[in-house]
Amino acid sequence: MCGIFGLFVGPNSTMSRNDWDSALTSLFLLSESRGKEAAGIALANDKEIVVHKDSISANEMMKTADYRTALERGAGDYFKRNDDDRYLGVIGHARLVTNGLQGIDANNQPIWRDDIVIVHNGIVVNVDDLWEKNEGIDPTAEVDSEVIAALMYQYRQQGKSSRDAMVSAFNDVYGETSVALFEAAGKNALLGTNTGSLHYCVSNSGNELFFASEHHICRLLTNGSKAIPAFQGAKIEQVLAGNGLSIALKEIEATRFGFEENLAAPAIEPMLETQRKIEEKSARTEAARESMRRCTKCLLPETMPYISFDADGVCSYCHSYEPWTKRPESDLEEVLSKHRSTDGSPDCVMAFSGGRDSSYGLHLMKEKYGMNPICFTYDWGMVTDLARRNQARLCGKLGVEHIWISADIKAKRANIRRNVLAWLKKPDLGIIPLFMAGDKQMLMYANKTMEQTGLSIMALCTNRYEKTDFKAGFLHVNSTGSTIHKPSSLPMAAKANMLWQYGKRFMVNPRYINRSIPDTASAFLSFYAIEQDYFSLFDFVPWVETEIDEILIGEYDWELAPDAKSSWRIGDGTAPFYNYIYYSVAGFTEADTFRSNQIREGAISREEGMRLAALENEPRWQSIREYTQIINIDFDETIRIIDRIPKLYI
Numbered sequence: 001m002c003g004i005f006g007l008f009v010g011p012n013s014t015m016s017r018n019d020w021d022s023a024l025t026s027l028f029l030l031s032e033s034r035g036k037e038a039a040g041i042a043l044a045n046d047k048e049i050v051v052h053k054d055s056i057s058a059n060e061m062m063k064t065a066d067y068r069t070a071l072e073r074g075a076g077d078y079f080k081r082n083d084d085d086r087y088l089g090v091i092g093h094a095r096l097v098t099n100g101l102q103g104i105d106a107n108n109q110p111i112w113r114d115d116i117v118i119v120h121n122g123i124v125v126n127v128d129d130l131w132e133k134n135e136g137i138d139p140t141a142e143v144d145s146e147v148i149a150a151l152m153y154q155y156r157q158q159g160k161s162s163r164d165a166m167v168s169a170f171n172d173v174y175g176e177t178s179v180a181l182f183e184a185a186g187k188n189a190l191l192g193t194n195t196g197s198l199h200y201c202v203s204n205s206g207n208e209l210f211f212a213s214e215h216h217i218c219r220l221l222t223n224g225s226k227a228i229p230a231f232q233g234a235k236i237e238q239v240l241a242g243n244g245l246s247i248a249l250k251e252i253e254a255t256r257f258g259f260e261e262n263l264a265a266p267a268i269e270p271m272l273e274t275q276r277k278i279e280e281k282s283a284r285t286e287a288a289r290e291s292m293r294r295c296t297k298c299l300l301p302e303t304m305p306y307i308s309f310d311a312d313g314v315c316s317y318c319h320s321y322e323p324w325t326k327r328p329e330s331d332l333e334e335v336l337s338k339h340r341s342t343d344g345s346p347d348c349v350m351a352f353s354g355g356r357d358s359s360y361g362l363h364l365m366k367e368k369y370g371m372n373p374i375c376f377t378y379d380w381g382m383v384t385d386l387a388r389r390n391q392a393r394l395c396g397k398l399g400v401e402h403i404w405i406s407a408d409i410k411a412k413r414a415n416i417r418r419n420v421l422a423w424l425k426k427p428d429l430g431i432i433p434l435f436m437a438g439d440k441q442m443l444m445y446a447n448k449t450m451e452q453t454g455l456s457i458m459a460l461c462t463n464r465y466e467k468t469d470f471k472a473g474f475l476h477v478n479s480t481g482s483t484i485h486k487p488s489s490l491p492m493a494a495k496a497n498m499l500w501q502y503g504k505r506f507m508v509n510p511r512y513i514n515r516s517i518p519d520t521a522s523a524f525l526s527f528y529a530i531e532q533d534y535f536s537l538f539d540f541v542p543w544v545e546t547e548i549d550e551i552l553i554g555e556y557d558w559e560l561a562p563d564a565k566s567s568w569r570i571g572d573g574t575a576p577f578y579n580y581i582y583y584s585v586a587g588f589t590e591a592d593t594f595r596s597n598q599i600r601e602g603a604i605s606r607e608e609g610m611r612l613a614a615l616e617n618e619p620r621w622q623s624i625r626e627y628t629q630i631i632n633i634d635f636d637e638t639i640r641i642i643d644r645i646p647k648l649y650i
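The C-terminal position of the sequence shown is numbered 650 in the working numbering, with every residue numbered one higher than the one before it.
It cannot be assumed that every hint is accurate.
Derived lysine to any residue pairs resembling SDA-like cross-links, with alpha carbons at most 25 Å apart [claimed, not checked]:
{"no.": "1", "residue 1": "Lys326", "residue 2": "Arg284"}
{"no.": "2", "residue 1": "Lys425", "residue 2": "Leu499"}
{"no.": "3", "residue 1": "Lys326", "residue 2": "Tyr369"}
{"no.": "4", "residue 1": "Lys47", "residue 2": "Phe259"}
{"no.": "5", "residue 1": "Lys504", "residue 2": "Val544"}
{"no.": "6", "residue 1": "Lys63", "residue 2": "Arg17"}
{"no.": "7", "residue 1": "Lys426", "residue 2": "Thr628"}
{"no.": "8", "residue 1": "Lys187", "residue 2": "Lys338"}
{"no.": "9", "residue 1": "Lys133", "residue 2": "Phe259"}
{"no.": "10", "residue 1": "Lys426", "residue 2": "Leu499"}
{"no.": "11", "residue 1": "Lys467", "residue 2": "Val477"}
{"no.": "12", "residue 1": "Lys565", "residue 2": "Ile553"}
{"no.": "13", "residue 1": "Lys647", "residue 2": "Thr628"}
{"no.": "14", "residue 1": "Lys63", "residue 2": "Lys80"}
{"no.": "15", "residue 1": "Lys565", "residue 2": "Asn463"}
{"no.": "16", "residue 1": "Lys187", "residue 2": "Ile49"}
{"no.": "17", "residue 1": "Lys647", "residue 2": "Val314"}
{"no.": "18", "residue 1": "Lys326", "residue 2": "Val541"}
{"no.": "19", "residue 1": "Lys338", "residue 2": "Ile457"}
{"no.": "20", "residue 1": "Lys226", "residue 2": "Gly76"}
{"no.": "21", "residue 1": "Lys425", "residue 2": "Arg505"}
{"no.": "22", "residue 1": "Lys448", "residue 2": "Glu237"}
{"no.": "23", "residue 1": "Lys187", "residue 2": "Val51"}
{"no.": "24", "residue 1": "Lys471", "residue 2": "Ile513"}
Have a look at the derived ranges for each label pair, beta carbon to beta carbon [unchecked claim]:
{"no.": "25", "residue 1": "Asp310", "residue 2": "Ala288", "range": "20 to 30 Å"}
{"no.": "26", "residue 1": "Pro542", "residue 2": "Leu421", "range": "42 to 52 Å"}
{"no.": "27", "residue 1": "Trp500", "residue 2": "Ser308", "range": "22 to 32 Å"}
{"no.": "28", "residue 1": "Met492", "residue 2": "Glu466", "range": "16 to 26 Å"}
{"no.": "29", "residue 1": "Gly206", "residue 2": "Phe635", "range": "57 to 67 Å"}
{"no.": "30", "residue 1": "Asp533", "residue 2": "Thr25", "range": "31 to 41 Å"}
Rather than coming from a laboratory, the hints here were simulated on the basis of the structure. Treat the numbers as computed from the prediction; the structure is a model and nothing was measured. We put the CB at the ideal spot given by N, CA and C, even for glycine.
Generate coordinates for the entire structure from the input sequences, incorporating the hints supplied.
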């Protein structure tokens, strides 16, 4: 998620202005990997607090005259003096927008509320509930971070100390939360986290301290070419989940304090109301879709690429299907026992999308198998706010550190827009996966996360029911009967054919030859060429949908999408759009293939599969409209074009 950081120097610091500037720049640029949509900084000295923020990336902001002016105002006097009263503290923020428009300055950070200046990494899931139930405090912006400062100030007004006020605020907050703050009237900085996403380092002399959201950032600044001279070889500490750190700015003394043991928030009623707009479809189209020939064993229709039916109406996919055998949980325990830590320190990395499988997988790894994972998310611009809130619920309640790698969101969304507009000029079902190319670098960054954290085991929570042969099939790549689970294991001939098919379509429609090509090429290499070093949790653990939903909703108040009738694919902002295209043109979606695989494995009956697929195939208009807004294309014209595409079932 967002990147927060800080640098504190006392009166006895020997850091030069150049060293200080260099250290601050490194902290900002390294933290920028977690958010590039806005940036800000607060400088506290013995006279005042100076705040500067902008709705641009940290790299861009640091080039501006206003930033340099703020830096000089906040820090210049410290380096001109040599007395025992001077001190200088900095907290900074590299923002990944979750709620609150970045173009509105009040939504960017640091947030100055009452006498508290705060930076926040995470999501306060119950922000609306907190504003409503705490009379006398009202929001002045849209960003959820403000409520933390407001609560702390309210508790201070009731006579609590700053530390106790933070503890009380964290007990009120539900979600993934790490903060750093200054109080205008005090000479301390406070850090707090319910996930462990704060790491700090005291210099060798004890006169300087810095912190960052990730251990990897701290390691780069204490060893090697980017090391801050005062911190070369210094020890890195973690603020563990459910703990805070008080830093005396003048003395540079860091004191840990614990939160109350029970950080569980009041139950929030899950958002189960369905609010969707139903498009009126022509009777002819609906009747034709319903009358399509379907396999008598599974759900696959006659429009499925490369499908054929035998005399009994059973499809070729059912005939070529090879049932997979779940590996025993004892094999999983054998793997995990080699890595499980005994002191609560991180022992594995988990890819965490915020969808139901990864959320349930995180619950299992932490609660059932006693692992201490670090979660990793690659945000390419289409992770939904709902997914972020659900991630915050899990990480906050389980006390799990969460690392976010944020792409250049503006550039990613611009690439999606270019390719969607190109597609709308010449629709082709085979090219639709190009819309999702931007997320495929996730596997590359997953490997990098393992390297940076020093952890040698990575868990993914993919399940084998989600095999979607039709996407390659519409590209004229036949993967019928393939049992390959990892993309990097796909035969070279299949990869070459895929590139050839994409190349032919690019030549026919030159609009695809645009600025997105380098990113698409990188995605292809990451997904199909780089060796993927992970294990799939659901190769060992039964995947039972009702149990998953019961655990997530019942224990974590996991949030459902208001326009969906299933918990599947609600964290992916692209899925409602491309599934609507497949449903409109081919008469089926991912839901049909997913439920068909469950039927073949004996997990559900064909009747139940038909019922579920029918619900899941209903267009999710709210999400589709949000998708078109995010990538800045016209909703009405887009739907008109899709609806005019000739149907494969008529």
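Taking the hints in turn, this is what the structure says about them:
Distance check on the hinted pair: Lys326 and Arg284 sit about 44 Å apart at the alpha-carbon level, beyond 25 Å; violated. Between Lys425 and Leu499, the direct Cα distance comes to roughly 21 Å. Compliance with the 25 Å bound is thereby established for this hinted pair. Note on Lys326 and Tyr369: the hinted pairing holds, with a Cα-Cα distance of about 18 Å set against a maximum of 25 Å. Under the criterion of a C-alpha separation no larger than 25 Å, the hint pairing Lys47 with Phe259 is inconsistent with the structure, at around 31 Å.
Proposed proximity of Lys504 and Val544 is contradicted: the alpha carbons are some 41 Å apart, above 25 Å. For the hint pairing Lys63 with Arg17, the CA-to-CA distance comes to about 18 Å; that is within 25 Å, so the pair holds. Our distance criterion of 25 Å between C-alpha atoms is met by Lys426 and Thr628, whose separation comes to about 18 Å. For the hint pairing Lys187 with Lys338, the CA-to-CA distance comes to about 46 Å; that exceeds 25 Å, so the pair is violated.
Restraint check for Lys133 and Phe259: the C-alpha separation of about 22 Å stays at or below 25 Å, so the hint holds. Distance hint between Lys426 and Leu499 is fulfilled; the C-alpha atoms sit about 19 Å from each other, no more than 25 Å. Between the alpha carbons of Lys467 and Val477 the distance comes to roughly 14 Å, so the proposed pair stays at or under 25 Å and holds. In summary, the hint linking Lys565 to Ile553 is supported, as the alpha carbons are separated by about 14 Å, within the 25 Å threshold.
Restraint check: the Cα-Cα separation between Lys647 and Thr628 comes to about 23 Å, which is no more than 25 Å; the hinted pair holds. Annotation: proposed proximity of Lys63 to Lys80 holds, straight-line Cα distance about 23 Å (limit 25 Å). As the CA atoms of Lys565 and Asn463 are separated by approximately 20 Å, the hinted pair is consistent with the 25 Å bound. Taken as a hint, the Lys187 and Ile49 pair is honoured in the structure, with Cα atoms around 11 Å apart against an allowance of 25 Å.
For a cut-off of 25 Å, the pair hint linking Lys647 to Val314 stands: about 23 Å separates their Cα positions. Pair hint Lys326 plus Val541 holds up; C-alpha atoms about 7 Å apart against a cutoff of 25 Å. Note on Lys338 and Ile457: the hinted pairing holds, with a Cα-Cα distance of about 10 Å set against a maximum of 25 Å. Simply put, Lys226 and Gly76 have alpha-carbon atoms about 24 Å apart, close enough for the 25 Å limit, and the pair holds.
Distance check on the hinted pair: Lys425 and Arg505 sit about 12 Å apart at the alpha-carbon level, within 25 Å; holds. Restraint check: the Cα-Cα separation between Lys448 and Glu237 comes to about 21 Å, which is no more than 25 Å; the hinted pair holds. Our distance criterion of 25 Å between C-alpha atoms is met by Lys187 and Val51, whose separation comes to about 16 Å. At most 25 Å may separate the alpha-carbon atoms for a hinted pair to count; Lys471 and Ile513 meet this at roughly 21 Å.
One distance hint, 20 to 30 Å for the beta-carbon pair Asp310 and Ala288, holds here, with the actual separation near 24 Å. A C-beta distance of roughly 43 Å is found between Pro542 and Leu421, which places it inside the suggested range of 42 to 52 Å. Range check, Trp500 to Ser308: about 25 Å between beta-carbon atoms, so the 22 to 32 Å window is met. The hinted window of 16 to 26 Å between Met492 and Glu466 holds, with their beta carbons roughly 24 Å apart.
A beta carbon spacing of about 59 Å between Gly206 and Phe635 agrees with the range 57 to 67 Å that was offered as a hint. Between Asp533 and Thr25 the beta carbon distance is about 33 Å. The supplied range of 31 to 41 Å therefore holds.
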